[in-house]
Structures are given as C-alpha cells and as structure tokens.
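2 protein chains.
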Amino acid sequence: MQIIITGGQGFLGQRLAKKLLNERRDLEELVLIDVIKPIAPNNDPRVRCIEMDLRDSTGLQALITEKTTALYHLAAIVSSHAEQDPDLGYEINFLATRNLLEACRQNNPKVRFIFSSSLAVFGGELPEIIQDSTAVTPQSTYGTQKAMCELLINDYTRKGFVDGLALRLPTICIRPGKPNKAASSFVSSIMREPLHGESAICPVAQDLNLWLSSPDTVINNFVHALTLPSLNPRDWHVINLPGFTISVKQMLADLAQVKGEAILKHIQFNFDESINNIVASWPATINCKTALDVGFTADKNFVDVIQQFIQCDM
Amino acid sequence: MQIIITGGQGFLGQRLAKKLLNERRDLEELVLIDVIKPIAPNNDPRVRCIEMDLRDSTGLQALITEKTTALYHLAAIVSSHAEQDPDLGYEINFLATRNLLEACRQNNPKVRFIFSSSLAVFGGELPEIIQDSTAVTPQSTYGTQKAMCELLINDYTRKGFVDGLALRLPTICIRPGKPNKAASSFVSSIMREPLHGESAICPVAQDLNLWLSSPDTVINNFVHALTLPSLNPRDWHVINLPGFTISVKQMLADLAQVKGEAILKHIQFNFDESINNIVASWPATINCKTALDVGFTADKNFVDVIQQFIQCDM
Chain A
1 MQIIITGGQG FLGQRLAKKL LNERRDLEEL VLIDVIKPIA PNNDPRVRCI EMDLRDSTGL
61 QALITEKTTA LYHLAAIVSS HAEQDPDLGY EINFLATRNL LEACRQNNPK VRFIFSSSLA
121 VFGGELPEII QDSTAVTPQS TYGTQKAMCE LLINDYTRKG FVDGLALRLP TICIRPGKPN
181 KAASSFVSSI MREPLHGESA ICPVAQDLNL WLSSPDTVIN NFVHALTLPS LNPRDWHVIN
241 LPGFTISVKQ MLADLAQVKG EAILKHIQFN FDESINNIVA SWPATINCKT ALDVGFTADK
301 NFVDVIQQFI QCDM
Chain B
1 MQIIITGGQG FLGQRLAKKL LNERRDLEEL VLIDVIKPIA PNNDPRVRCI EMDLRDSTGL
61 QALITEKTTA LYHLAAIVSS HAEQDPDLGY EINFLATRNL LEACRQNNPK VRFIFSSSLA
121 VFGGELPEII QDSTAVTPQS TYGTQKAMCE LLINDYTRKG FVDGLALRLP TICIRPGKPN
181 KAASSFVSSI MREPLHGESA ICPVAQDLNL WLSSPDTVIN NFVHALTLPS LNPRDWHVIN
241 LPGFTISVKQ MLADLAQVKG EAILKHIQFN FDESINNIVA SWPATINCKT ALDVGFTADK
301 NFVDVIQQFI QCDM
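Protein chains in written order, with UniProt numbering: chain A, 1 to 314; chain B, 1 to 314.
Just to be clear, a hint being listed does not mean it is correct.
Stated by the list, open to error - No farther apart than 30 Å at their CA atoms in a straight line, the calculated lysine-lysine pairs in the DSS-like style are these: (1) B:K265 <-> B:K249; (2) A:K19 <-> A:K289; (3) B:K181 <-> A:K159; (4) A:K181 <-> B:K159; (5) A:K19 <-> A:K178; (6) B:K259 <-> B:K300.
What the hints assert, rightly or not - Residues of chain A clear of chain B, computed beta-carbon distances all greater than 12 Å: (7) E23; (8) L27; (9) E29; (10) N43; (11) H224; (12) K259; (13) A284; (14) C312.
Hints were generated in silico from the structure; no laboratory data involved.
What you are looking at is a predicted structure, and each value in this text was computed from that prediction instead of being measured.
Every residue gets a Cβ at the ideal spot worked out from N, C-alpha and C, and that includes glycine.
Produce the entire structure from the sequences given, and follow the hints as far as they go.
Spelled out as structure tokens, the structure:
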C-alpha cells in the first residue's frame, strides 16, 4: 500500500503520517509532499519526502501511479491568506486539486481521494442546525474554493475517474504551536497559551458557540476514511465530520475545571468586531448523523480534549 | 450602453438580442459572440457580430472594456454533450466563465454579469419543493460546472470584481426548431411536432411533473435582470427563476384543449427508462418567491404558452 499526503509537513499532515505509520502494517510507502521539504516521522524508512509546489502540474502527474492506494489532499492556502490573495488560493486550493484528480483519472482511477474540506463552505444566513441538505453559501474565497472542489470530486467520482470523499472539518481545537492570522486562531490560543502560563486575547463574545473537533479525533476520522467501502458513485461524496458545539464561556469553565480558576487570569477580553463577525458567520451545530452512521467518531467532551492536549502536546 | 451576449447565435441569444434592440433605446452597441459567426437581427447597425471560440482567453480579455455595461453569458456545452465530453464542458462551461469574470475584474468591475445557470444544479434525493436554501447536488457534469460557476460568480461579486447574478433557468418549453439529443428534448417536441402536423415520441411516464418556463418569459426575465439594482455584495447572487409545475398528462390535455383531441394522435408513447430517470431526477417545483419579490415574472398557464408559440414561432 502506498499513501500520499499533500501538506505533509503541516500540523495535520505530520500527525496523520505518524498515525498511519503506527497503525497500518500494510503501508509500504508513505509519500509526504509539501512546499518545504517534509520531515519523515521517526526517520521511518517507509517515508519518501518530496519538496514540491502544487502548481507544478507535471510533478503532480508523475506522483500518482498504479501503486497508489490513497491520497490525502490536505494542502491549502488557509482562509485569511486566500482572502488576501484569491489568485494564489485559486491555483493551490482549486487548480491543484483538479490537477491531482486528473492525475488519478489518467494514472489510477481506483485511488481513494480524501479531501480536506471545511465548515467554511457554509456562511451567511444559516439554519440553527446545518443538515446534509443545507445549501453551501460561502462568504470567503477559501470556502468558495473548497466548495468548488467538493463539486468536482463528486463529479469525478460519479464518472468513475477517482474514488473520492470530501470531509468537512470542524474548527480544530486545541492546535499546538503558535497563534496565526486565521480568524479562528484565538479558539486554540485561549486554551493553549494559558496552559503554557502565557497570556491570550479573546476577541469574541463569550456566548458565541463554536463547532469544534480535537486534532486526535480528526486524525482518527481521516484514518477511518481509508477503510470505508466505496460509496455508490451516485451518492453525494461529501461528509460533515462529527464535532461538538461549545460556547466560549463553557470552554473557559472547562479549562478552569481542569487547572483551577487562577488560569483564567491569563485571558484578556478585547472584543474585535471583525473577528467576532467572521467566526459568528460559521455554523455552530452540524447534524453529523451520516458520518456517525458510517463509523466516524466525535470527541466525548471538551474536558477530555484539554486533557488530551496536556498529555500529548505539551 | 454596450451589451455583450455569448452564445449570441443560439436560440435564446438571438431572441434576447431582438428584445434588447427593440426595448433598450439607450443601447448603443450589442456584441454577439458565438463559435459560428452570429447574424445581426434585422441587420441592425448597432449589432457587432464576432466569431470566437470561448477557449480563446486573449480574445475574451479584449472583449470587456470600460464601455461594457452588461454581459449575458449564455454560451454552454449542453447537458448531454458535457456528459459525453467533460473536458470540453470544463473548458467552455467553467474555464471560459472564469476567464470572462477575470476580464471584467481587470477591465471593468462594474459590468453586470448575467449568467445562465440551470435547474440541473439540483439532482439526487430532493425535497418536494426546492427552496433557496436547498443544497445543490448535481448528478451531471453540466450541472456540476454550472454550480461551480455560481460559486465563482458569488465570490467575485462579494469581492467587488464584478456585479454578478446567476439565474437558474427552468426547462424551456416550447422551443422552436428541431429535436436535439438533450434528455429534455421531448418536452418541446411533444407540443411542437403535433402543432406542425408531425409525429413525436413521448419517452416518459405521463404523471411525470416538470418545471417549465416559456421562452418569452425567460427572455423577459433576462431583460429584467439588467434593470435590477445591485444586490448587497454579501447577498447570495443566485436566483431560481420563476417557472410552473405541470405534468406531461396536463400538457397533452392543454394541447387538446387548444387544437382538439385529434392532435394527440401524432404522439407515440414509447417509454425510455434512461430518459425518464434523468428527467425525473430534476426538480419539479421550485419556490421562486425571491425572484417574484424582485420583479421576475412567471407564465400564467400552459395554454397561454401554447398560444404564444402558435402566434410567434410557427
């Protein structure tokens, strides 16, 4: 079995690589691709690291062969970056996805093509609970490009050009590392920084509800996607991954429950209307019955997520 | 005022051209573009006819200038053709649309970009009545490409790159001319051929419901789209155009009402499961309140549509 991961040096790519190397005994080769040369987890000899810009369509063509079992396409220009530079977003988020799909169609249509989509495909006026049947009306260039890829993956799968599956990820919390310029950066920051004894800013109203998943649960669900039998080609190949709804206020209460009230003194509340409006436009609750029915899993509660972070990421 | 119509030699393009030339006194130049050189209606000196393949991105760039007020993008590879040749469909239905949007963004972002979308963006398991909030899940390459364009037009409009509007057309009935290979060809054929004293085949169950609009109503709605004030950039710039629901049985009854029972002897009923399944997968009723609220119109009844055809198209 050969598996390819784009965005292989990213936070999720590296974590998924480790998990696959640990759990899949039938994994003969794991190819990690990124715009900076990826690092092989534990120097595992099964890993091949490729430095490649996804705009290199000839490079993408050579990547997919008869040996390829699955491709995790995680690489993306993230939300705020794509908003600033929609043309780069189009090239990486959309065109590279199409080129990868074309490479599968031409070289090996049996490839399980697992695409990392996002709740950012939703936006604007939304129902209280998102259903499988809810229209995607993105209010960002990133969400638009993800939604276009979902459509393309469906059509390629319906026509037998690839065996595709688009997974819509919740906001991931708690991400390790540093804050970034994503509007959702604070979601991890208000947990991670206080746990490290550092200060963090909460820019949103405390009653704001979020739709979250822990990194471990997302990785488990990515691995599960590999084991699912192929859906009927005429089915809709987009799955809202499980998550949980939690208010910022409850996140802080759970943090205090785990580490004591004093930890909350690290958090400053500086309301930022633009960040609040962006994050409030995302769905806070998604009906993920379809995902649960086919074996994808959800976090039990947020206290467990905090404990998971303390044990594994600190 | 300069207006451009792609697909300018097509049935809708020519009809729209005539209407605009008749009704818009402020129209200084009407540019008709098609893959075969279009004909200027009534040799009107305001018309400029351009033979151009929409894959010519340099040609598209030169087309949009500061003079351009509006672009009707009607050209498309139709459903059955795009299904057989998805790559050509991608180039014309998607890539040319993006190149046109780019030309507006770079040369004149104020252009009112009116895009001809389709009920084919819907498919699979559908609610009884399609709402504005119903997810698009196309079951055809044509519908996929139209849905991708809708997303792109929304994002370009949200960012102020163009003033876009995507109009989802019902199945148009009664089209003049000859039958073609579209699955929906019979919808016009079972009316048009008997009215001409010729025979036609009905390949579907008579209780099948369809979502229709007359050509004149679609053209009136295209012209109305030119006069609408710009929507808020953050609104959703896709409108389900008004139509009406009618069963095949009722269409035949209305034809008999207009021309007498004897006309029905021209129709043979040869059930074709594949055509029936395709047409049955399309929505039969769409809630078009949003369209009616902003002044788009619907046909009153099907008898009027038949009379309209007899008076204007025979």
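Are there hints from earlier that the structure breaks, and if so, what are their numbers? none
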